[in-house]
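Trainee: Top line first, the protein sequences correspond to chains A and B. When we follow my numbering, the leftmost residue of the first sequence carries the number 85, and every step to the right adds one. When we follow my numbering, the leftmost residue of the second sequence carries the number 7, and every step to the right adds one.
A hint or two may mislead.
To be verified - Cut-off 35 Å, straight-line C-alpha distance, at most; resulting in silico cross-link-like pairs (DSBU-like, lysine-lysine):
{"id": "1", "chain 1": "A", "residue 1": "K136", "chain 2": "B", "residue 2": "K10"}
{"id": "2", "chain 1": "B", "residue 1": "K89", "chain 2": "B", "residue 2": "K10"}
{"id": "3", "chain 1": "B", "residue 1": "K121", "chain 2": "A", "residue 2": "K136"}
{"id": "4", "chain 1": "B", "residue 1": "K89", "chain 2": "A", "residue 2": "K136"}
{"id": "5", "chain 1": "A", "residue 1": "K86", "chain 2": "B", "residue 2": "K195"}
{"id": "6", "chain 1": "B", "residue 1": "K130", "chain 2": "B", "residue 2": "K8"}
{"id": "7", "chain 1": "B", "residue 1": "K130", "chain 2": "A", "residue 2": "K86"}
{"id": "8", "chain 1": "B", "residue 1": "K89", "chain 2": "B", "residue 2": "K130"}
{"id": "9", "chain 1": "B", "residue 1": "K120", "chain 2": "B", "residue 2": "K195"}
{"id": "10", "chain 1": "B", "residue 1": "K73", "chain 2": "A", "residue 2": "K89"}
{"id": "11", "chain 1": "B", "residue 1": "K120", "chain 2": "B", "residue 2": "K130"}
{"id": "12", "chain 1": "A", "residue 1": "K86", "chain 2": "B", "residue 2": "K73"}
{"id": "13", "chain 1": "A", "residue 1": "K136", "chain 2": "A", "residue 2": "K86"}
{"id": "14", "chain 1": "A", "residue 1": "K89", "chain 2": "B", "residue 2": "K120"}
{"id": "15", "chain 1": "B", "residue 1": "K120", "chain 2": "A", "residue 2": "K90"}
{"id": "16", "chain 1": "B", "residue 1": "K130", "chain 2": "A", "residue 2": "K90"}
{"id": "17", "chain 1": "A", "residue 1": "K89", "chain 2": "B", "residue 2": "K11"}
{"id": "18", "chain 1": "A", "residue 1": "K90", "chain 2": "B", "residue 2": "K73"}
{"id": "19", "chain 1": "B", "residue 1": "K11", "chain 2": "B", "residue 2": "K195"}
{"id": "20", "chain 1": "A", "residue 1": "K89", "chain 2": "B", "residue 2": "K130"}
{"id": "21", "chain 1": "A", "residue 1": "K136", "chain 2": "B", "residue 2": "K120"}
{"id": "22", "chain 1": "B", "residue 1": "K89", "chain 2": "B", "residue 2": "K11"}
No lab work stands behind these hints, which were simulated from the structure alone.
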Amino acid sequence: MKLIKKMARVGRECVACGCCASVCPRDAIQILYGIAAQVDASRCVGCGRCAKTCPAGVIEMIEWSNEK
Amino acid sequence: MKRKKWSDYLWLVELTYLCLGMFNILFAWLGMIFFTLPLAIAVFGGGKAYCNRYCGRGQLLDLLGEKLHLSRHRVPPAFLRSKWFRYGFLLFFMTMFGLMLRNTYLVFAGAPLKKVITLLWVFKLPWQWAQVDLVAPWAAQFAFGFFSVMLTSTMLGLVTMLLFRPRTWCVYCPMGTMTQGICQLRNGKEMSQHGGTCKTGSGTSETACK
């Protein structure tokens, strides 16, 4: 079944400050290797809190589909 | 709502540090913890845990901007997050830190102690009331220089908190840039293997790029 939902995507210029991870209500974001944030698509509910909080402004909300 | 942990109250440590420094400049030495701890955590494999969980300054800015609504919540300009600016600012910051160490050495070598706090590397505030007789003049000079660095970075953090998002300082914080650089040197390979399948080239979130 095709599933389309909103989810967060982290841009290349992430500074790995962790602000997004700390506000995520579903713990869907982790800071990978201290280099950048990574979003777990299966947990993200697309609430957009991370995008609003990100001090660098590098998180955008995208339409995500489980099929190509 | 997430449950509060002890580490959520580290903003009190930052606030106490600033107050203690005003009370007696020698407390500025305690700030070395804020310099060495993030680096040690990054070097020994803890990544950016300091920035992510234990940074008192970040928490204080968040508190002022978010809870007290002092921030305008605007997206900061793009240049602020660019590599050239972040590493340029780090280089500038380290140069000024080096000059501060040079001044400390000069006092150690016999130059007179300057009881001055320099804000934003330009504005000199007289700090004549400071009681520094307990320690050697070079140790006092270091305290003056170090507290100048801490106050300057706090001021920059406050101004960018007011103008943009609460933790805008984190974007160009020299410690954050350094620890991220260390993590890239340590774990760059693993990271590229982990997120290397992203074809769109616009994210580090592998799952988002599938």
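Trainee: Now tell me if each hint is right for this structure.
Mentor: The hints, checked one at a time:
A C-alpha spacing of about 21 Å is found between K136(A) and K10(B), which places the hinted pair at or below 35 Å, so the restraint holds. Annotation: proposed proximity of K89(B) to K10(B) holds, straight-line Cα distance about 34 Å (limit 35 Å). At roughly 43 Å between alpha-carbon atoms, K121(B) and K136(A) are farther apart than 35 Å, so this suggested pair is violated. Our distance criterion of 35 Å between C-alpha atoms is met by K89(B) and K136(A), whose separation comes to about 22 Å.
With a C-alpha separation of about 34 Å, the suggested pair K86(A) and K195(B) falls inside the 35 Å cut-off, and the hint holds. For the given pair, K130(B) sits about 44 Å from K8(B) by alpha-carbon distance, which is inconsistent with the 35 Å threshold. Between K130(B) and K86(A) the CA atoms are separated by roughly 64 Å; this puts the pair beyond 35 Å, and the hint is violated. Taking the CA atoms of K89(B) and K130(B), the gap is near 31 Å; set against the 35 Å cutoff, the hint holds.
This hinted pair does not check out: K120(B) and K195(B) have alpha carbons roughly 48 Å apart, beyond 35 Å. Proposed proximity of K73(B) and K89(A) is supported: the alpha carbons are some 30 Å apart, at most 35 Å. Distance check on the hinted pair: K120(B) and K130(B) sit about 11 Å apart at the alpha-carbon level, within 35 Å; holds. The suggested pairing of K86(A) with K73(B) is violated, with an alpha-carbon distance near 40 Å, which exceeds 35 Å.
At most 35 Å may separate the alpha-carbon atoms for a hinted pair to count; K136(A) and K86(A) meet this at roughly 28 Å. With a C-alpha separation of about 61 Å, the suggested pairing of K89(A) with K120(B) is violated against the 35 Å cut-off. Between K120(B) and K90(A) the CA atoms are separated by roughly 58 Å; this puts the pair beyond 35 Å, and the hint is violated. Among the hinted pairs, K130(B) with K90(A) is inconsistent with the structure: their alpha-carbon atoms are about 51 Å apart, more than 35 Å.
The hinted pair formed by K89(A) and K11(B) meets the criterion: a straight-line CA distance of about 32 Å does not exceed 35 Å. Taken as a hint, the K90(A) and K73(B) pair is honoured in the structure, with Cα atoms around 27 Å apart against an allowance of 35 Å. At most 35 Å may separate the alpha-carbon atoms for a hinted pair to count; K11(B) and K195(B) meet this at roughly 33 Å. Proximity of K89(A) to K130(B) is assessed by CA-CA distance (about 55 Å); at most 35 Å being required, the pair is judged violated.
Among the hinted pairs, K136(A) with K120(B) is inconsistent with the structure: their alpha-carbon atoms are about 45 Å apart, more than 35 Å. Among the hinted pairs, K89(B) with K11(B) is consistent with the structure: their alpha-carbon atoms are about 33 Å apart, no more than 35 Å.
When each numbered hint is compared with the structure, violations occur for hints 3, 6, 7, 9, 12, 14, 15, 16, 20, 21.
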